[in-house]
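Sequences are here, hints too, so could you generate the full structure?
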Amino acid sequence: MTFLIIFLCIVLTAVVLVQLGKVTELATIIRGEADAQEDLNTRQGLFGMIFLVLFLVLSLATTLYYKNWMLGYGPHASASVHGDSIDEMFNITLLFTYIVFVLTHIALFWYAWKYRGRRGRKSLFMPHDTKLELVWTAIPAIVMCFLVVNGLIAWNEVMGDDGDEDIEIEATAHQFSWTIRYPGQDGKIGTKNYKMITGLNSLGQDWSDDKNLDDIVADKIVLPVGKKVRVRITAKDVLHNFAMPHFRVKMDAVPGLPTYFYLTPKITTKDYRKSLAKYPEYQAEDPNNPDKKLWETFNFALNCAELCGSGHYAMKKLVEIVSEEEYEKWLNQQKSNYFTSGVRFSDEDPYKNELFDAEYAARSAEFKTNFESTLLAEEKIVVLDKVEFETESATLTSLSKYQIMNLAEQLKNSPNVIIELAAHTDNQGAKSTNLKLSDERANAVYNYLVRNENIDSRRLKAVGYGGDQPVGDNDTDAGRQKNRRTEIRIIAQ
Amino acid sequence: MATITTTKISETDLLIEEYGYDDHFHEHHDEDKFQSGFITTYIFSQDHKMIAKQFLITGMFWGVMGAMMSLVFRMQLGFPEESLMWLKPILGKWITVADGVGTLAPEFYYALVTIHGTVIVFFVLTAGLSGTFSNLLIPLQVGARDMASPLLNMLSYWFFFLAGAIMFASLFLSTGPFSGGWTAYPPLSALSQASAGSGAGMTMWTVSLVFFVVSVLLGGINYVTTVLNLRTKGMTMWRLPLTIWAFFITAILGILSFPVLVSAFFLLMCDRALQTSFFLSEIFVGGQALEHVGGSPILYQHLFWFLGHPEVYIIILPAMGIVSEVLSVHARKPIFGYRAMVYSILAIAFLSFIVWAHHMFMSGVNPFISNFFVIFTLIIAVPSAVKVFNWIATLYGGNIRFNAASLFSIGFVSMFISGGLTGIFLGNSAIDIQMHDTYFVVAHFHIVMGVAAFFGMFAGVYHWFPKMYARFMNETLGRIHFWGTLIGAYAVFWPMHYLGMAGVPRRYYSFDTFENFSHFANINKFITIAAVVVFALQVLFIINFFYSIFKGKKVTSRNPWGANTLEWTTPIEAGHGNWPGKIPAVQRWAYDYGKDGKDFISQIIPLSDGEKDNGDH
Numbered sequence: 001m002t003f004l005i006i007f008l009c010i011v012l013t014a015v016v017l018v019q020l021g022k023v024t025e026l027a028t029i030i031r032g033e034a035d036a037q038e039d040l041n042t043r044q045g046l047f048g049m050i051f052l053v054l055f056l057v058l059s060l061a062t063t064l065y066y067k068n069w070m071l072g073y074g075p076h077a078s079a080s081v082h083g084d085s086i087d088e089m090f091n092i093t094l095l096f097t098y099i100v101f102v103l104t105h106i107a108l109f110w111y112a113w114k115y116r117g118r119r120g121r122k123s124l125f126m127p128h129d130t131k132l133e134l135v136w137t138a139i140p141a142i143v144m145c146f147l148v149v150n151g152l153i154a155w156n157e158v159m160g161d162d163g164d165e166d167i168e169i170e171a172t173a174h175q176f177s178w179t180i181r182y183p184g185q186d187g188k189i190g191t192k193n194y195k196m197i198t199g200l201n202s203l204g205q206d207w208s209d210d211k212n213l214d215d216i217v218a219d220k221i222v223l224p225v226g227k228k229v230r231v232r233i234t235a236k237d238v239l240h241n242f243a244m245p246h247f248r249v250k251m252d253a254v255p256g257l258p259t260y261f262y263l264t265p266k267i268t269t270k271d272y273r274k275s276l277a278k279y280p281e282y283q284a285e286d287p288n289n290p291d292k293k294l295w296e297t298f299n300f301a302l303n304c305a306e307l308c309g310s311g312h313y314a315m316k317k318l319v320e321i322v323s324e325e326e327y328e329k330w331l332n333q334q335k336s337n338y339f340t341s342g343v344r345f346s347d348e349d350p351y352k353n354e355l356f357d358a359e360y361a362a363r364s365a366e367f368k369t370n371f372e373s374t375l376l377a378e379e380k381i382v383v384l385d386k387v388e389f390e391t392e393s394a395t396l397t398s399l400s401k402y403q404i405m406n407l408a409e410q411l412k413n414s415p416n417v418i419i420e421l422a423a424h425t426d427n428q429g430a431k432s433t434n435l436k437l438s439d440e441r442a443n444a445v446y447n448y449l450v451r452n453e454n455i456d457s458r459r460l461k462a463v464g465y466g467g468d469q470p471v472g473d474n475d476t477d478a479g480r481q482k483n484r485r486t487e488i489r490i491i492a493q
Numbered sequence: 001m002a003t004i005t006t007t008k009i010s011e012t013d014l015l016i017e018e019y020g021y022d023d024h025f026h027e028h029h030d031e032d033k034f035q036s037g038f039i040t041t042y043i044f045s046q047d048h049k050m051i052a053k054q055f056l057i058t059g060m061f062w063g064v065m066g067a068m069m070s071l072v073f074r075m076q077l078g079f080p081e082e083s084l085m086w087l088k089p090i091l092g093k094w095i096t097v098a099d100g101v102g103t104l105a106p107e108f109y110y111a112l113v114t115i116h117g118t119v120i121v122f123f124v125l126t127a128g129l130s131g132t133f134s135n136l137l138i139p140l141q142v143g144a145r146d147m148a149s150p151l152l153n154m155l156s157y158w159f160f161f162l163a164g165a166i167m168f169a170s171l172f173l174s175t176g177p178f179s180g181g182w183t184a185y186p187p188l189s190a191l192s193q194a195s196a197g198s199g200a201g202m203t204m205w206t207v208s209l210v211f212f213v214v215s216v217l218l219g220g221i222n223y224v225t226t227v228l229n230l231r232t233k234g235m236t237m238w239r240l241p242l243t244i245w246a247f248f249i250t251a252i253l254g255i256l257s258f259p260v261l262v263s264a265f266f267l268l269m270c271d272r273a274l275q276t277s278f279f280l281s282e283i284f285v286g287g288q289a290l291e292h293v294g295g296s297p298i299l300y301q302h303l304f305w306f307l308g309h310p311e312v313y314i315i316i317l318p319a320m321g322i323v324s325e326v327l328s329v330h331a332r333k334p335i336f337g338y339r340a341m342v343y344s345i346l347a348i349a350f351l352s353f354i355v356w357a358h359h360m361f362m363s364g365v366n367p368f369i370s371n372f373f374v375i376f377t378l379i380i381a382v383p384s385a386v387k388v389f390n391w392i393a394t395l396y397g398g399n400i401r402f403n404a405a406s407l408f409s410i411g412f413v414s415m416f417i418s419g420g421l422t423g424i425f426l427g428n429s430a431i432d433i434q435m436h437d438t439y440f441v442v443a444h445f446h447i448v449m450g451v452a453a454f455f456g457m458f459a460g461v462y463h464w465f466p467k468m469y470a471r472f473m474n475e476t477l478g479r480i481h482f483w484g485t486l487i488g489a490y491a492v493f494w495p496m497h498y499l500g501m502a503g504v505p506r507r508y509y510s511f512d513t514f515e516n517f518s519h520f521a522n523i524n525k526f527i528t529i530a531a532v533v534v535f536a537l538q539v540l541f542i543i544n545f546f547y548s549i550f551k552g553k554k555v556t557s558r559n560p561w562g563a564n565t566l567e568w569t570t571p572i573e574a575g576h577g578n579w580p581g582k583i584p585a586v587q588r589w590a591y592d593y594g595k596d597g598k599d600f601i602s603q604i605i606p607l608s609d610g611e612k613d614n615g616d617h
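These protein sequences, in sequence, are chains A and B.
Counted from 1, the first sequence has number 342 at position 342 by the numbering used here; the numbering is strictly sequential.
Counted from 1, the second sequence has number 98 at position 98 by the numbering used here; the numbering is strictly sequential.
Check each hint, because a few of them may be wrong.
Quick list of in silico lysine-lysine cross-link-like pairs, DSS-like style, CA-CA up to 30 angstroms [as the list claims (entries may be wrong)]:
1. B/K595 x A/K114
2. A/K122 x B/K551
3. B/K598 x A/K122
4. A/K22 x B/K93
5. B/K598 x A/K114
6. A/K122 x B/K554
7. A/K220 x A/K131
8. B/K595 x A/K122
9. B/K553 x A/K122
10. A/K293 x B/K525
11. A/K122 x A/K220
12. A/K431 x A/K401
13. A/K131 x B/K53
14. A/K22 x B/K551
15. A/K292 x B/K525
16. B/K553 x A/K22
17. B/K598 x A/K316
18. A/K131 x B/K598
19. B/K233 x B/K582
20. A/K22 x B/K595
21. B/K525 x A/K316
22. A/K386 x A/K431
23. A/K386 x A/K67
24. A/K386 x A/K401
Calculated directly from the structure, the hints in this document are not laboratory data.
Structure representation (structure tokens):
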């Protein structure tokens with residue numbers, strides 16, 4: 001119904017306007033064309049002048065009204081060092097173009113008004129004027145030279161790839177989010193290969209490159225103020241663009257072709273918020289958080305500025321600029337995604353059969369505590385939870401040796417301790433088979449300790465108990481898992 | 001006034017008879033195979049005047065389509081909370097309904113933006129503008145019976161029609177029309193896994209544009225040949241009206257640049273269908289690592305913009321030519337600095353080929369290369385400034401007759417200034433870091449090549465309507481159309497500069513995710529309302545256009561505007577072959593207005609003793 005009414009209104013307006021057009025046409029014929037045209041010239045010239053005045057006033061007024069959104073004024077100040085040179089270029093260009101805009105518009109509409117057609121007037125025959133034309137070719141040429149030179153100086157300074165950055169981070173774009181990677185302790189970002197991308201390894205990091213092992217995937221961009229940062233920008237699927245308007249940063253992310261951008265943040269998020277506090281548009285309530293003002297919840301953000309598909313408008317990442325100490329603290333809290341993403345010890349992990357020194361040290365310390373407390377405890381049993389065997393076999397898995405090494409260390413520390421190595425199975429299968437298997441398994445550990453760790457064989461005793469001493473429920477998988485175990489019993493100390 | 005006109009008519013005929021060139025054209029008039037029936041006259045016509053009308057009306061159809069698309073996505077931007085249920089009957093599944101509130105699907109938002117850009121740039125402002133006026137004016141103003149090859153000319157239109165039909169059909173695909181932006185950058189445009197519109201929608205989009213390029217090339221070869229070979233006796237190059245210079249250079253630009261676009265499309269088609277890797281490398285999409293290695297998406301951008309930049313001059317040069325002519329005729333003054341105008345067209349055309357990478361400052365090309373492109377880009381400001389100053393100087397000392405045509409020409413100059421000046425920001429790569437792909441760019445190109453080119457087109461339509469249909473368009477409606485559109489277009493695009501400065505990116509379906517971009521709800525509302533008003537005014541133009549074809553005031557004299565060029569020496573309703581007898585001979589340049597105390601001196605009037613020709617000297 002509303003639709004119909006609107007439609008009828010439009011039709012009616014059109015009819016009225018057409019009729020109006022016809023009437024004025026008739027009036028023109030009655031009054032004589034020349035007369036009518038002269039009146040019309042005056043009226044239209046006048047409209048032109050009114051338009052000119054309104055246009056110039058409104059353009060200036062709206063510019064003043066929105067000046068807080070312009071570059072280099074008010075709250076929209078650059079948050080990066082290089083941004084200032086861009087803002088300056090912008091404002092120089094604004095000055096020149098505004099002068100040209102005003103002068104040419106005045107000339108255009110003023111001449112249109114002044115030289116409106118009147119009967120009996122003759123127009124000036126002025127086909128060209130070489131001197132005048134030279135002048136108005138030369139002036140723009142000079143102004144352009146000035147803008148080009150200054151613009152290029154700024155450009156080459158901003159874009160120079162001189163490798164003198166303090167920090168390099170990597171931003172990888174994909175439909176429709178960003179993955180931010182920090183280099184970790186070695187300060188170097190590891191190589192990646194798109195063919196290695198899996199569910200666990202979303203960037204395709206090549207784990208055989210040691211530089212990858214300490215790399216950190218962060219959920220936001222945190223940067224220290226005053227440090228020069230090189231952002232390596234890559235994409236997984238289609239073109240994206242790494243854009244941070246407050247930092248005057250923008251660069252396409254191209255699949256197969258890493259790009260980069262340098263920036264030096266010059267103000268922390270906290271200080272930037274404070275600088276916003278004095279502007280009325282930031283004193284309004286935050287619609288998402290009614291207890292706070294907009295300036296209090298302000299955050300820098302990374303967005304995508306190259307059409308990348310239907311979710312292009314929502315590729316946001318938080319950007320936080322902090323002091324150097326806060327940055328170090330934050331960075332130290334981050335863990336390498338090699339360890340946090342589930343890659344470690346998975347089939348994708350090239351090091352799944354060995355422990356890194358730090359891991360070994362941690363395990364060693366943990367075992368020591370466990371062992372020493374057992375020495376003081378009532379029940380003198382330590383489960384060797386990291387000692388595992390291949391299925392249905394007495395072959396130790398490659399990672400098992402580390403706990404045996406831990407055990408050997410403790411035996412060396414406490415030379416009086418004598419232990420029994422006890423191996424257990426669950427209740428599946430024939431009893432005799434289980435007994436035999438557990439016996440072999442206990443002996444495998446025994447042999448390792450004696451042969452590889454030089455532990456005196458008199459301090460060790462290997463016993464296989466089969467499924468006779470369950471500690472868990474044999475009716476469940478978890479229980480059976482618990483029952484299949486190797487443990488030590490401290491016999492003497 | 002009427003008596004003066006009558007004597008002029010006879011004088012014109014006498015002059016043509018005395019000095020004109022007899023090509024024996026009408027001796028075999030009886031067997032005119034061109035206009036013997038309804039189909040050959042109105043549909044498969046080979047008459048350049050009819051083909052011009054076909055281009056114009058098809059262009060208007062696509063103009064309305066493109067504008068309506070923009071209204072739908074402006075609704076989304078201006079009133080994101082508002083229910084769009086009322087569009088459900090038209091857009092169907094692209095309006096998703098939740099709790100009775102209809103929302104535009106993001107995929108379709110991007111499809112609308114993409115198709116809006118494509119059809120306005122190619123179908124309206126290339127075919128509708130250059131196609132219409134090159135066809136109408138080249139033979140008439142150079143003094144030719146028709147185009148060099150009327151058959152190719154007809155094919156040019158029908159290839160355009162075919163391109164349009166395919167594009168139109170693609171709107172109805174179940175996966176949606178192409179939605180990767182009018183520039184169709186791969187990999188997005190190459191991978192249907194990355195975007196539904198990049199499947200069949202992209203295939204049809206590419207096929208459509210390949211046919212469109214065929215149309216442009218057939219037309220362009222014809223325009224160039226006609227201007228070079230079919231100029232009448234005495235019509236030297238330096239006596240050509242600026243319209244013809246503009247169409248001529250435009251056609252050359254098109255011939256040189258459009259094939260490069262097609263080459264890009266062919267490579268893209270190979271990547272899409274034949275598993276080649278011209279533009280694709282190291283892509284992981286849809287949970288799968290693709291085999292493509294070694295291609296460069298940036299190569300496509302180079303090829304695309306090698307057309308893309310000349311394309312904006314293909315759009316604006318014809319408008320410049322039309323405006324130069326219309327301003328001069330209605331200011332009753334010669335165009336100021338005719339030669340400087342020609343040289344600046346040539347300079348702009350030449351420079352347009354070596355600035356393409358200014359669209360790519362932020363796309364990962366070597367920043368060092370950008371230095372050259374900045375220099376060449378900003379040099380374009382010089383010939384452009386010369387043109388603006390010359391137009392203003394043309395008004396100076398004139399005796400300006402205000403009507404819809406001359407008003408739109410003045411409006412064109414205003415738009416060209418406003419939009420051109422913002423180009424100085426964007427062409428400077430340092431500033432482009434901030435402005436690239438923001439609303440500042442949207443404001444810039446819509447004003448300078450969108451609205452300005454439309455103004456040139458409107459000026460041309462109002463000015464040459466009497467030649468096309470032997471009737472006038474309604475002037476009152478024309479002036480309402482002008483003032484409304486001038487104010488409305490500025491209201492739409494001027495505020496976008498402020499959004500752009502704040503860093504608000506273009507091609508965003510919604511600003512909800514980013515608090516920093518969501519400060520501008522009021523501006524977006526304002527822009528949408530202004531867009532609706534401007535659209536309504538264009539409907540008024542279309543009503544005026546079709547009403548005037550049948551009911552407009554009749555043209556009673558051959559030369560209603562008192563213009564010098566040859567089209568006004570033809571009969572009011574010119575038949576096939578344009579002149580009933582001999583072809584007029586040209587004696588002077590086209591801009592003798594107000595010379596030696598005479599209001600105007602037609603090009604066919606011989607120079608008097610000792611009189612110097614201001615064009616060819």
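Here's how the hints hold up against the structure:
no.: 1; hint: B/K595 x A/K114; verdict: 20 angstroms, holds
no.: 2; hint: A/K122 x B/K551; verdict: 34 angstroms, violated
no.: 3; hint: B/K598 x A/K122; verdict: 9 angstroms, holds
no.: 4; hint: A/K22 x B/K93; verdict: 44 angstroms, violated
no.: 5; hint: B/K598 x A/K114; verdict: 21 angstroms, holds
no.: 6; hint: A/K122 x B/K554; verdict: 28 angstroms, holds
no.: 7; hint: A/K220 x A/K131; verdict: 61 angstroms, violated
no.: 8; hint: B/K595 x A/K122; verdict: 10 angstroms, holds
no.: 9; hint: B/K553 x A/K122; verdict: 28 angstroms, holds
no.: 10; hint: A/K293 x B/K525; verdict: 24 angstroms, holds
no.: 11; hint: A/K122 x A/K220; verdict: 72 angstroms, violated
no.: 12; hint: A/K431 x A/K401; verdict: 28 angstroms, holds
no.: 13; hint: A/K131 x B/K53; verdict: 43 angstroms, violated
no.: 14; hint: A/K22 x B/K551; verdict: 10 angstroms, holds
no.: 15; hint: A/K292 x B/K525; verdict: 27 angstroms, holds
no.: 16; hint: B/K553 x A/K22; verdict: 9 angstroms, holds
no.: 17; hint: B/K598 x A/K316; verdict: 68 angstroms, violated
no.: 18; hint: A/K131 x B/K598; verdict: 26 angstroms, holds
no.: 19; hint: B/K233 x B/K582; verdict: 11 angstroms, holds
no.: 20; hint: A/K22 x B/K595; verdict: 36 angstroms, violated
no.: 21; hint: B/K525 x A/K316; verdict: 24 angstroms, holds
no.: 22; hint: A/K386 x A/K431; verdict: 25 angstroms, holds
no.: 23; hint: A/K386 x A/K67; verdict: 66 angstroms, violated
no.: 24; hint: A/K386 x A/K401; verdict: 9 angstroms, holds
Violation of the numbered hints given earlier is confined to hints 2, 4, 7, 11, 13, 17, 20, 23; the remaining hints are satisfied by the structure.
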